[in-house]
Amino acid sequence: MPSPIIRIDNIMKTYGPLTVLDGLSMNVMPGEKLALIGPSGSGKTTILRILMTLERINGGHIEVDGEQLYHIQKAGSLVSADERHLQKMREKIGMVFQHFNLFPHKCVLDNITLAPMLTKGVAKAAAETRAMELLDMVGMADKAKSMPAQLSGGQKQRVAIARALALSPKIMLFDEVTSALDPELVEEVLNVMRKLAAETDMTMLLVTHEMGFAHDFADRVLFFDKGRIVEEGKPDDIFRNPRQERTQSFLRKIIAAGHRV
Amino acid sequence: MIDWSGYIGLILQGALVTIELTVMGSALALVMAFVAGLGRLSRFTAVRTLATVYIEFFRGTSIFVQLFWAYFVLPFAGITLTPLQAGVLALGLNVGAYGAEVVRGAVRAIGREQHEACVALNLGRYHRMRHVILPQALPLMLPTFGNNAIELLKGTAVVSLISLTDMTFQAQVVRAQTGSTLIPFTAILVLYFAMATAISAGVGWLERRASRGLDGMRV
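These protein sequences, in sequence, are chains P and Z. Residue numbers for the first sequence follow this note's numbering, beginning at 316 and rising by one. Residue numbers for the second sequence follow this note's numbering, beginning at 347 and rising by one.
Calculated from the structure, these hints are not laboratory results. Careful: at least some of the hints might be erroneous.
Residues on chain Z that point at chain P, a partial pick, calculated with CB under 10 Å [to be verified]: (1) A373; (2) E459; (3) Q460; (4) H461; (5) C464; (6) V465; (7) A466; (8) L469; (9) R471; (10) H473; (11) H477; (12) P481; (13) P485; (14) S557.
Listed next, the stretches of chain P that the computed footprint assigns to chain Z, with coverage defined by at least 3 CB atoms under 8 Å from CB atoms of chain Z [unchecked claim]: (15) 362-373; (16) 429-439; (17) 476-488.
Predicted model only: the values in this text are computed from it and were never measured. Every residue gets a Cβ at the ideal spot worked out from N, C-alpha and C, and that includes glycine.
Take these sequences, add in the hints, and give me the full structure.
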């Protein structure tokens, strides 16, 4: 049995008096597709942000791909990691945001080639070839020279996915990537993600309110509430036979709100 | 009847000095604006403090006093400047202090999500600023930079007080020699206005160039 690519061990995250994550532990296996669901404020997005080093933890340890994310060995003891270590660790992880976060002053192609050229020293021609392959995969090759402002939300998100993939991360984090989209644009983004799941062995963590998609996409579903994992299991078990009362009531509300499961 | 051609020539010579001062002063102000503006955003306390002291000092004292310091007091410290050097130094440092706040404000106006995208793409601090934040902040700075440059242009008139032969100085010479106030001062009024209009037009053009593609849509 391979060892987990992500080990989260008893982490704490607080904002002032508010405790967002309270002694959370979880593992993710290499290649696993994980869906994190739960009411807003339950801490699921915070986990992705912590893994992307956008938020620091207040306690506990995280291991990514065999190395501590936030700690380094120095003179025999574990100390807080410096920026250099964080930069090394970030190479393993990519993230797609709810609001796309494309660079508005750069065309689609430049959005994708910027980071590989600057952080990995990839030559412009090679970076552009790779970018065009990725754009082709997300169905956006004809928009390579467009500016982000000329694209629809779904198109922007597909570019954002290609941009994150250009750095070839081992782990991809998807933070409510369809929540900001008009309903008719959701499917084009989900299709890209289905393709990605089928064609690559990347580890993927997905925070979503699209329960139907989570059901089809994930190997394992984690239901979060108040900074803890209330229930986890195979999608069929969580969505068809939730055992915990909190999971049941959450799913009832979601269905009542018109989401399909 | 006065022969005005020689006097107009004098004023035009002064206009050249004014343009020279404005261009060189603006160049220094621009450099200082970025150095001090980014300095105030530094993660090092010493750098932030230094930048803050510079900004507060040069905004908080009069350009007139600064100019006299540069020209009459610095020689006591062994630094002797020509009137032009003193003028450029005082104007550049003074306007640069205002510009620094413009730089800082514009950089801070770029949303957190752009910084986060940079972190997710593993761009270091320098690359983040150089390739993502500043190119978006620049269009926000330009309108106020245009204001500052016009302020600087008008501020150049004070250098006549350290006997630099700028446009205002020459107008006073012409007035003393001809006894006419109307003509020399109307001439420089028009010239200052023409120069300010040229600055406005130039900055407007830069603004259109720098904000190409940034149509204010959420990206």
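Hint check:
1. Taken as an interface hint, A373 (chain Z) does not check out: its beta carbon lies about 25 Å from the nearest beta carbon of chain P, beyond 10 Å.
2. Interface hint at E459 (chain Z): satisfied, since its Cβ lies 5 Å from the closest Cβ of chain P, which is below the 10 Å cut-off.
3. The interface hint given for Q460 (chain Z) is met, as the beta carbon of that residue sits about 7 Å from the closest beta carbon of chain P, less than 10 Å.
4. Look at H461 (chain Z): its Cβ gets to within about 9 Å of chain P, closer than 10 Å, so that hint holds up.
5. With its C-beta approaching chain P no nearer than about 8 Å, C464 (chain Z) sits inside the 10 Å limit, and its interface hint holds.
6. Interface restraint check for V465 (chain Z): the shortest CB-CB distance to chain P comes to about 6 Å, inside 10 Å, so the restraint holds.
7. Because the beta carbon of A466 (chain Z) sits about 4 Å from the nearest beta carbon in chain P, less than 10 Å, this interface hint is met.
8. Checking L469 (chain Z) against chain P by beta carbon gives a least distance of about 6 Å; that is within 10 Å, so the hint holds.
9. Nearest Cβ of chain P to the Cβ of R471 (chain Z): about 8 Å, under the 10 Å cut. The hint holds.
10. Proximity of H473 (chain Z) to chain P holds as hinted, the smallest CB-CB distance being about 5 Å (cut-off 10 Å).
11. Given hint, H477 (chain Z) at the interface with chain P, holds; its Cβ is 6 Å from that chain's nearest Cβ, closer than 10 Å.
12. Interface hint status for P481 (chain Z): upheld, as the beta-carbon distance to the closest one in chain P is roughly 5 Å, under 10 Å.
13. The criterion of a C-beta within 10 Å of any C-beta in chain P is met by P485 (chain Z), whose closest approach is roughly 9 Å, and the hint holds.
14. Interface restraint check for S557 (chain Z): the shortest CB-CB distance to chain P comes to about 9 Å, inside 10 Å, so the restraint holds.
15. Taking a C-beta to C-beta cut-off of 8 Å, the stretch 362-373 of chain P contributes 3 residues in contact with chain Z, enough for the three needed, and the coverage statement holds.
16. Remark: the stretch 429-439 of chain P is confirmed as covered by chain Z, as 4 of its residues place a Cβ nearer than 8 Å to a Cβ of that chain, reaching the required three.
17. Only residues whose C-beta sits within less than 8 Å of a C-beta in chain Z count toward coverage, and the stretch 476-488 of chain P has 3 of them, enough to reach three; the restraint holds.
Violated hint for the displayed structure: number 1, the only one.
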